[in-house]
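Asks: Sequence:
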Amino acid sequence: MSYRKTFKLICSFAGGSAALVFAAVAADSRGYFGEPRGEEASRWSRFGVLHAAQPAWTPATHTPAPTGPGWDFNWDKRDPSVLSNGRKKERVTEDPSSEQDNSKPKATRHILLIRHSQYNLSGNGDTERFLTPLGREQAELTGQRLAALGLKYDVLIHSSMTRATETAHIISKHIPGVELLSCDLLREGAPIEPVPPVTHWKPDAVYHEDGARIEAAFRRYIHRADPKQKEDSYEIIVCHANVIRYFVCRALQFPPEGWLRIGLHNGSITWLTIRPSGRVALRTLGDAGFMPPDKLTRT
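Quick note: the sequence shown uses the UniProt record's numbering, first residue 1, plus one each step.
The set of hints was computed from the structure by calculation and includes no laboratory data. Keep in mind the model is a prediction, meaning the values are calculated, not measured. Note that the Cβ used here is the ideal one computed from N, Cα and C, for glycine as well. One or more hints might be untrue.
Pairs of lysine-lysine, DSBU-like flavour, derived with a Cα cap of 35 Å [what the hints assert, rightly or not]:
hint : residue 1 : residue 2
1    : LYS77     : LYS152
2    : LYS77     : LYS104
3    : LYS202    : LYS77
4    : LYS77     : LYS106
5    : LYS106    : LYS228
6    : LYS173    : LYS152
7    : LYS104    : LYS152
Computed Cβ-Cβ distance ranges for the label pairs, DEER-style [said to hold, decoys possible]:
hint : residue 1 : residue 2 : range
8    : PRO255    : ARG283    : 20 to 26 Å
9    : LYS104    : GLY70     : 18 to 24 Å
10   : ASP126    : PRO197    : 25 to 31 Å
11   : PRO293    : SER182    : 31 to 37 Å
12   : ASN102    : TRP71     : 23 to 29 Å
Please work from the sequences and hints to get the whole structure.
Replies: As structure tokens, then:
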């Protein structure tokens with residue numbers, strides 16, 4: 001085998017083993033591994049060296065074994081097969097399969113979680129922590145982006161804190177006709193003690209106090225559609241970074257203690273999709289690509 005053909009064959013191998021194989025073949029052709037051989041014997045020896053240098057292929061080395069618990073389809077406690085169990089039938093002739101079909105969700109919920117825009121960090125108390133001029137501009141850009149998506153939004157819910165309320169009202173100008181609602185459960189807080197722990201950030205509220213409220217918000221807003229919902233829905237929730245990060249971890253069944261490992265820009269869009277089967281997909285996380293680079297902040 002010529003050196004050119006040998007080199008082409010060597011190039012089909014990946015990683016550092018290619019250089020080792022090339023050196024071995026070259027040495028073998030010169031008889032450095034023993035007595036000089038005939039052409040036929042030398043050719044098969046080279047193939048033996050090449051074969052020995054390849055890692056053994058087994059399914060275990062190419063398919064990572066699953067770790068952790070499997071997906072819980074009843075994560076929102078709305079799995080129809082579970083809900084139908086234990087219910088009393090109103091009529092003896094009632095068809096169980098028909099009852100279960102009627103209780104199955106048929107629509108997909110799209111939930112767009114918006115982080116509030118930049119606000120006055122030096123304000124004393126919530127009322128003084130209003131949006132900065134840049135923050136108002138960010139909210140305008142977010143509103144324009146939501147309008148440009150061309151979706152039929154069903155509702156715009158926002159945290160009752162000043163910065164989220166102002167952000168929501170600016171966004172609402174770009175999607176007229178969408179109902180605007182305020183909710184105290186969506187206020188900022190510390191959902192759960194983060195892992196790994198941090199020393200530079202200590203929340204004012206106790207974890208279990210904020211955590212119970214934010215978990216209640218998750219249960220209220222993040223779940224599969226009601227069986228009575230006929231069409232897919234698009235809902236906007238304007239709230240805070242900690243709340244959004246916790247929602248994402250919980251919805252994807254990731255360890256919720258990892259919420260602080262995620263970063264979000266002001267005015268960014270995080271898009272969760274919840275299928276009727278209970279499957280959840282994260283379509284975007286903290287999307288802020290619609291903003292010019294000089295408008296991006298994470299305060």
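Asks: Work down the list of hints and note, for each, if the structure agrees.
Replies: Status of the hints after comparison with the structure:
1. The suggested pairing of LYS77 with LYS152 holds, with an alpha-carbon distance near 28 Å, which does not exceed 35 Å.
2. Taking the CA atoms of LYS77 and LYS104, the gap is about 13 Å. The hint holds against a cut of 35 Å.
3. The suggested pairing of LYS202 with LYS77 holds, with an alpha-carbon distance near 33 Å, which does not exceed 35 Å.
4. At roughly 16 Å between alpha-carbon atoms, LYS77 and LYS106 fall within 35 Å of each other, so this suggested pair holds.
5. Distance restraint check for LYS106 and LYS228: the Cα-Cα separation of roughly 8 Å lies within the 35 Å cut-off, and the hinted pair is therefore satisfied.
6. For the given pair, LYS173 sits about 15 Å from LYS152 by alpha-carbon distance, which is consistent with the 35 Å threshold.
7. This hinted pair checks out: LYS104 and LYS152 have alpha carbons roughly 23 Å apart, not beyond 35 Å.
8. Distance hint check for PRO255 and ARG283: the Cβ-Cβ separation is about 21 Å, which falls inside the suggested range of 20 to 26 Å.
9. Range check, LYS104 to GLY70: about 21 Å between beta-carbon atoms, so the 18 to 24 Å window is met.
10. For ASP126 and PRO197, the Cβ-Cβ distance of about 27 Å falls inside the hinted range of 25 to 31 Å, so the restraint holds.
11. A hinted range of 31 to 37 Å for the beta carbons of PRO293 and SER182 is consistent with their spacing of about 32 Å.
12. One distance hint, 23 to 29 Å for the beta-carbon pair ASN102 and TRP71, holds here, with the actual separation near 25 Å.
Of the numbered hints given earlier, the model fails none.
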